[in-house]
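A.B. asks: Okay, here's what each chain looks like letter by letter:
There are 2 protein chains.
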Amino acid sequence: MAGGRGTRFWPLSRAERPKHLLSIAGERSIIQQTVDRISSYIAKEDIYVVTVATHAEALAAQLPGIPRANIIVEPVGRNTAPCIGLAALYLKRRNPDETMVVLPADHLITDEGQFVETLSAADEMARRTPSLITIGITPTRAETGYGYVERGKGEGTAGGREIFRVGAFREKPDLETAQRFLQQGGFYWNSGMFVWTVATILEEIEGLMPDLSEALDEMDAVIGTGEEVARIADIYAGVTPISIDYGVMERSRRVLLIEGTFGWSDIGSWDALWEVLDKDGDDNAVTGDHIAVQSSRNLVHSSGKLVTLVGVSDIIVVESEDSILVCKRGSSQDVKEAVEILETRKMDDYL
Amino acid sequence: MAGGRGTRFWPLSRAERPKHLLSIAGERSIIQQTVDRISSYIAKEDIYVVTVATHAEALAAQLPGIPRANIIVEPVGRNTAPCIGLAALYLKRRNPDETMVVLPADHLITDEGQFVETLSAADEMARRTPSLITIGITPTRAETGYGYVERGKGEGTAGGREIFRVGAFREKPDLETAQRFLQQGGFYWNSGMFVWTVATILEEIEGLMPDLSEALDEMDAVIGTGEEVARIADIYAGVTPISIDYGVMERSRRVLLIEGTFGWSDIGSWDALWEVLDKDGDDNAVTGDHIAVQSSRNLVHSSGKLVTLVGVSDIIVVESEDSILVCKRGSSQDVKEAVEILETRKMDDYL
Numbered sequence: 035m036a037g038g039r040g041t042r043f044w045p046l047s048r049a050e051r052p053k054h055l056l057s058i059a060g061e062r063s064i065i066q067q068t069v070d071r072i073s074s075y076i077a078k079e080d081i082y083v084v085t086v087a088t089h090a091e092a093l094a095a096q097l098p099g100i101p102r103a104n105i106i107v108e109p110v111g112r113n114t115a116p117c118i119g120l121a122a123l124y125l126k127r128r129n130p131d132e133t134m135v136v137l138p139a140d141h142l143i144t145d146e147g148q149f150v151e152t153l154s155a156a157d158e159m160a161r162r163t164p165s166l167i168t169i170g171i172t173p174t175r176a177e178t179g180y181g182y183v184e185r186g187k188g189e190g191t192a193g194g195r196e197i198f199r200v201g202a203f204r205e206k207p208d209l210e211t212a213q214r215f216l217q218q219g220g221f222y223w224n225s226g227m228f229v230w231t232v233a234t235i236l237e238e239i240e241g242l243m244p245d246l247s248e249a250l251d252e253m254d255a256v257i258g259t260g261e262e263v264a265r266i267a268d269i270y271a272g273v274t275p276i277s278i279d280y281g282v283m284e285r286s287r288r289v290l291l292i293e294g295t296f297g298w299s300d301i302g303s304w305d306a307l308w309e310v311l312d313k314d315g316d317d318n319a320v321t322g323d324h325i326a327v328q329s330s331r332n333l334v335h336s337s338g339k340l341v342t343l344v345g346v347s348d349i350i351v352v353e354s355e356d357s358i359l360v361c362k363r364g365s366s367q368d369v370k371e372a373v374e375i376l377e378t379r380k381m382d383d384y385l
Numbered sequence: 035m036a037g038g039r040g041t042r043f044w045p046l047s048r049a050e051r052p053k054h055l056l057s058i059a060g061e062r063s064i065i066q067q068t069v070d071r072i073s074s075y076i077a078k079e080d081i082y083v084v085t086v087a088t089h090a091e092a093l094a095a096q097l098p099g100i101p102r103a104n105i106i107v108e109p110v111g112r113n114t115a116p117c118i119g120l121a122a123l124y125l126k127r128r129n130p131d132e133t134m135v136v137l138p139a140d141h142l143i144t145d146e147g148q149f150v151e152t153l154s155a156a157d158e159m160a161r162r163t164p165s166l167i168t169i170g171i172t173p174t175r176a177e178t179g180y181g182y183v184e185r186g187k188g189e190g191t192a193g194g195r196e197i198f199r200v201g202a203f204r205e206k207p208d209l210e211t212a213q214r215f216l217q218q219g220g221f222y223w224n225s226g227m228f229v230w231t232v233a234t235i236l237e238e239i240e241g242l243m244p245d246l247s248e249a250l251d252e253m254d255a256v257i258g259t260g261e262e263v264a265r266i267a268d269i270y271a272g273v274t275p276i277s278i279d280y281g282v283m284e285r286s287r288r289v290l291l292i293e294g295t296f297g298w299s300d301i302g303s304w305d306a307l308w309e310v311l312d313k314d315g316d317d318n319a320v321t322g323d324h325i326a327v328q329s330s331r332n333l334v335h336s337s338g339k340l341v342t343l344v345g346v347s348d349i350i351v352v353e354s355e356d357s358i359l360v361c362k363r364g365s366s367q368d369v370k371e372a373v374e375i376l377e378t379r380k381m382d383d384y385l
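Taken in sequence, the protein lines are chains U and G.
My numbering numbers the first residue of the first sequence as 35 and each following residue consecutively.
My numbering numbers the first residue of the second sequence as 35 and each following residue consecutively.
There may be inaccurate statements among the hints.
Copies of the same chain look alike in the list, so a pair counts if it fits in one copy or across any two.
[Stated by the list, open to error] Below, computed lysine to aspartate or glutamate pairings styled on EDC-like, alpha-carbon distance capped at 16 Å:
hint	residue 1	residue 2
1	380	323
2	206	279
3	362	348
4	126	80
5	380	70
6	206	284
7	370	177
Note that these hints are calculated values from the structure, not bench results.
Generate the whole structure from the sequences, applying the supplied hints.
C.D. replies: Next up, the structure:
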């Protein structure tokens, strides 16, 4: 799933250049890293990307190994349930009994071996028992920015890993609740990564989201015909935007949980990026040429100019082709406000 | 006097582009402003600029009204006494009894009317009584970064202004001393601006700095000949570098003081520049396009890119053609350290 626009990574992320296309955490872009880390486990011709029309070309250019036909264009953003449903229609044509792994394009994962092992175990479970498996990340801090999944009773093992039922899905908690979750154990970050067979997810959508299911049937009928693009655009636009969590996961009786113990971040902001990047001896995380004098705990991302820090701490400095952002660490959520000001002033060149 | 290199305004100031050639405090460069503010009082053809060979072309381009012959090239830097002596040789040819006003090229003055009135009064005194008049700035804070001049007894009036003898020159004081100077009154910042006749300063150099005087005589003999450039380069290189303060002012018995009550700054650093610049409602001093979200007391100088501040206070952000400086306010003296690192690493393109 490579939909989002990612204004929070402005000025690098732009309307035409979302977060997952950026090289903000290494030389490869985020989506290239996402594809790289599953390539040992899933063949390139079996990887599909759902994106929007404006990003499709740039995305295809970044992922030369993935067949052009596997890049599915979502006509408009309608949240994750329609996106996953649309993708499932194309996968169904390959093999409805095959496992479908759903991954956001813009997450960072540290331990790729652990990650693939987790997918493999979930795959085994999904084939054995028709189920919707969510990957719950073992929390490492009392994070209030994520939703949580509470573990239920054990449901056996697969690939040597324990699989659990889901006790409950929890909204983003307040700090006190998040601290309790962390202390108590058995609560996981809801990563938005899922494993199921194509047939199972389509069955569950049919049972729990009949309107979406009907729209998917209509779209299914035109795939491969000359009407495909126009009709899907038309039908998709009429679909209600609902997340897969709300539409299916929180209501299905076939939901299971597997623990993810690989290092994980949804890198939702410059602040979150600093947390996961490699740092120098002064805890500066730097991409590009720089000089630092008595400066620590900064994030620097240069796009060409030499960035020199003198006596500054806890600052985010980002240079893009036409902009420079200087932001206090801890305030990067407010970058959205700057983007809103640009929108209000119709400074579209910067958006 | 337009000599210095000004590494403290890096990355805008460069070896080839010293502070006085920069437009850091308005649309006109510092030296253009220096010339502008005396233009109502001194005709352009009577304004001379002493500079170094590498800056002469850029300087001439910025000051089209000043005759090319009035741009005097100092072969090497030898501090202010030789510089002033050299200039006096050229002025002597025009009229040795005329008043000579010595101004550093890189100061900022707020009240130009007051400034010209001060020059005019000093001019009157210098013509009436052979004297070396220093302009002492009435201090507005307990500044430890400047030398001070202590006022002596009154020496009458000129142009309706009181003129004083000088009690003593004081080195840069510690904070306690500076506070006492401010409280006690009668102490002035040593601005490095002087008024005297050409004949008087040459006489005083002759009496107090015989070695320099001898060198000046040798240079005087070749001015206007085919040997002028080569011989002056040769002689000037052998001159001892001494400031006019140390060489003449602190030892002459003909030194007088006039008060300067116009707003004045030698803008010796980015911090000093912030103090004197116009600021918006959040005390941000900004040159170039910018957006500020919850940000205050910053200095921004953009050379083209949009600078966006989010949640930052007391930060200096400067963009040049190839560099971005992000510096804590109060630490701008340490910009020199960054320049030293560039020198050590032989990153000459940035110098």
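A.B. asks: Next step is simple, just say for each hint if it's right about the structure.
C.D. replies: Hints, verified against the model:
When the C-alpha separation of residue 380 and residue 323 is checked against a cutoff of 16 Å, the pair qualifies only between copies, where the shortest distance is 14 Å, while the shortest distance within a copy is 32 Å. Taking the shortest alpha-carbon separations for residue 206 and residue 279, only the intra-copy value of 13 Å comes in at or below 16 Å, while the best inter-copy value is 69 Å. In the homo-oligomer, the alpha carbons of residue 362 and residue 348 lie at most 16 Å apart both inside one protomer (6 Å) and across protomers (11 Å), since each shortest distance falls under that limit. In this homomeric assembly, residue 126 and residue 80 come within 16 Å of each other (Cα to Cα) only inside a single copy, at 12 Å, whereas the closest approach across copies is 88 Å.
In the homo-oligomer, the alpha carbons of residue 380 and residue 70 never lie at most 16 Å apart, since the shortest distance is 38 Å inside one protomer and 38 Å across protomers. In this assembly of identical chains, residue 206 and residue 284 lie within 16 Å of each other by CA distance solely inside one copy; the values are 15 Å within and 73 Å between copies. Neither within a single protomer nor between protomers do residue 370 and residue 177 lie at most 16 Å apart by alpha-carbon distance, with minima of 21 Å and 41 Å respectively.
Of the hints listed earlier, those the structure fails to meet are numbers 5 and 7, in rising order.
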